[in-house]
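Colleague: Chain residues, written in single-letter form:
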Amino acid sequence: NAGVTQTPKFQVLKTGQSMTLQCAQDMNHEYMSWYRQDPGMGLRLIHYSVGAGITDQGEVPNGYNVSRSTTEDFPLRLLSAAPSQTSVYFCASSRLGTDEQYFGPGTRLTVT
Amino acid sequence: AQSVTQLDSQVPVFEEAPVELRCNYSSSVSVYLFWYVQYPNQGLQLLLKYLSGSTLVKGINGFEAEFNKSQTSFHLRKPSVHISDTAEYFCAVRLNRDDKIIFGKGTRLHILP
Chain A
1 NAGVTQTPKF
11 QVLKTGQSMT
21 LQCAQDMNHE
31 YMSWYRQDPG
41 MGLRLIHYSV
51 GAGITDQGEV
61 PNGYNVSRST
71 TEDFPLRLLS
81 AAPSQTSVYF
91 CASSRLGTDE
101 QYFGPGTRLT
111 VT
Chain B
1 AQSVTQLDSQ
11 VPVFEEAPVE
21 LRCNYSSSVS
31 VYLFWYVQYP
41 NQGLQLLLKY
51 LSGSTLVKGI
61 NGFEAEFNKS
71 QTSFHLRKPS
81 VHISDTAEYF
91 CAVRLNRDDK
101 IIFGKGTRLH
111 ILP
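Here the protein sequences line up with chains A and B, keeping their order.
So that you can map any letter, position 34 of the first sequence is 34 in my numbering, and since no number is skipped, the others follow by simple counting.
So that you can map any letter, position 37 of the second sequence is 37 in my numbering, and since no number is skipped, the others follow by simple counting.
Do not take every clue at face value.
Here are the in silico distance ranges between beta carbons for each label pair [stated by the list, open to error]:
| no. | chain 1 | residue 1 | chain 2 | residue 2 | range |
| --- | --- | --- | --- | --- | --- |
| 1 | B | ASN61 | A | PRO61 | 31 to 37 Å |
| 2 | A | LYS14 | B | ASN68 | 47 to 53 Å |
| 3 | B | SER26 | A | PRO75 | 44 to 50 Å |
| 4 | A | LEU79 | B | LEU7 | 34 to 40 Å |
| 5 | B | LEU51 | A | ARG108 | 30 to 36 Å |
| 6 | B | SER70 | A | MET41 | 25 to 31 Å |
| 7 | A | LYS9 | B | ASN61 | 23 to 29 Å |
| 8 | B | LEU56 | A | MET27 | 26 to 32 Å |
| 9 | B | LYS69 | A | MET27 | 29 to 35 Å |
| 10 | A | ARG108 | B | SER26 | 27 to 33 Å |
| 11 | B | ASN68 | A | THR7 | 39 to 45 Å |
| 12 | B | SER52 | A | SER84 | 37 to 43 Å |
| 13 | B | GLU66 | A | THR110 | 38 to 44 Å |
Partial list, derived from the structure: chain B residues whose beta carbon lies under 7 Å from chain A [claimed, not checked]:
| no. | residue |
| --- | --- |
| 14 | PRO40 |
| 15 | LEU44 |
| 16 | LEU46 |
| 17 | LYS100 |
| 18 | PHE103 |
| 19 | GLY104 |
| 20 | LYS105 |
| 21 | GLY106 |
Below, simulated DMTMM-like cross-link-like pairs (lysine to aspartate or glutamate); rule was C-alpha separation at most 25 Å, straight line [unchecked claim]:
| no. | chain 1 | residue 1 | chain 2 | residue 2 |
| --- | --- | --- | --- | --- |
| 22 | B | LYS58 | B | GLU16 |
| 23 | B | LYS49 | A | ASP99 |
| 24 | B | LYS105 | A | GLU59 |
These are calculated hints, taken from the structure and not from any lab test.
Ideal Cβ placement from N, Cα and C applies to all residues, glycine included.
Please take these sequences and the hints and turn them into a complete structure.
Modeller: Rendered as structure tokens:
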């Protein structure tokens, strides 16, 4: 059972480049989310989804896009990378309701 | 909108001493509350959760938390900490079954020998 997988683990981008962070889960979870973790800021919610075809903004959505075409996948797109997007990105999934979230291993992104 | 406040960014405590990590939330409705732990260079894992019922919740690794609705708090406690408890601890809140989950800024627990 793979759980939540994220690729890549590390990425370096130049300012202005675009890229997609991949997230997949094999637990048939309806809820998926993306967070960024920065020192002293905790985990901040970027976007989330409660099912295929449904997405919504979190606390810090600017500069990021998401889509949810299948239950399993929830990619995060950086449209034009900025140094302020240097961070560790975590994807998580859960059943709807009271269930705990299961986190992926994270992607460490550096924008120069 | 819901929010979570972790009052201490860092908490130093001697090994085998008790510890309390504080968490307050803001919401006018019933919530679901969680504590997660992140060990160095690892992802997050669930320590415990409050859904309903008994206000004292027991989790893994000897941790427990008490839900206090009147004070909108969900403080995490352990009666005797070990060096292996060195980690960052996050409190999180969810308003209802279809809602997003918001995290606090985290509390770093430093265990002193």
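Colleague: Work down the list of hints and note, for each, if the structure agrees.
Modeller: Status of the hints after comparison with the structure:
no. : hint                               : in the structure
1   : ASN61(B) <-> PRO61(A): 31 to 37 Å  : holds, 34 Å
2   : LYS14(A) <-> ASN68(B): 47 to 53 Å  : holds, 49 Å
3   : SER26(B) <-> PRO75(A): 44 to 50 Å  : violated, 32 Å
4   : LEU79(A) <-> LEU7(B): 34 to 40 Å   : holds, 36 Å
5   : LEU51(B) <-> ARG108(A): 30 to 36 Å : holds, 33 Å
6   : SER70(B) <-> MET41(A): 25 to 31 Å  : holds, 29 Å
7   : LYS9(A) <-> ASN61(B): 23 to 29 Å   : holds, 27 Å
8   : LEU56(B) <-> MET27(A): 26 to 32 Å  : holds, 29 Å
9   : LYS69(B) <-> MET27(A): 29 to 35 Å  : holds, 32 Å
10  : ARG108(A) <-> SER26(B): 27 to 33 Å : holds, 32 Å
11  : ASN68(B) <-> THR7(A): 39 to 45 Å   : holds, 42 Å
12  : SER52(B) <-> SER84(A): 37 to 43 Å  : holds, 40 Å
13  : GLU66(B) <-> THR110(A): 38 to 44 Å : holds, 41 Å
14  : PRO40                              : violated, 13 Å
15  : LEU44                              : holds, 5 Å
16  : LEU46                              : holds, 4 Å
17  : LYS100                             : holds, 5 Å
18  : PHE103                             : holds, 4 Å
19  : GLY104                             : holds, 6 Å
20  : LYS105                             : holds, 4 Å
21  : GLY106                             : holds, 5 Å
22  : LYS58(B) <-> GLU16(B)              : holds, 19 Å
23  : LYS49(B) <-> ASP99(A)              : holds, 9 Å
24  : LYS105(B) <-> GLU59(A)             : holds, 13 Å
The structure does not agree with the numbered hints 3 and 14 stated previously, though it agrees with the rest.
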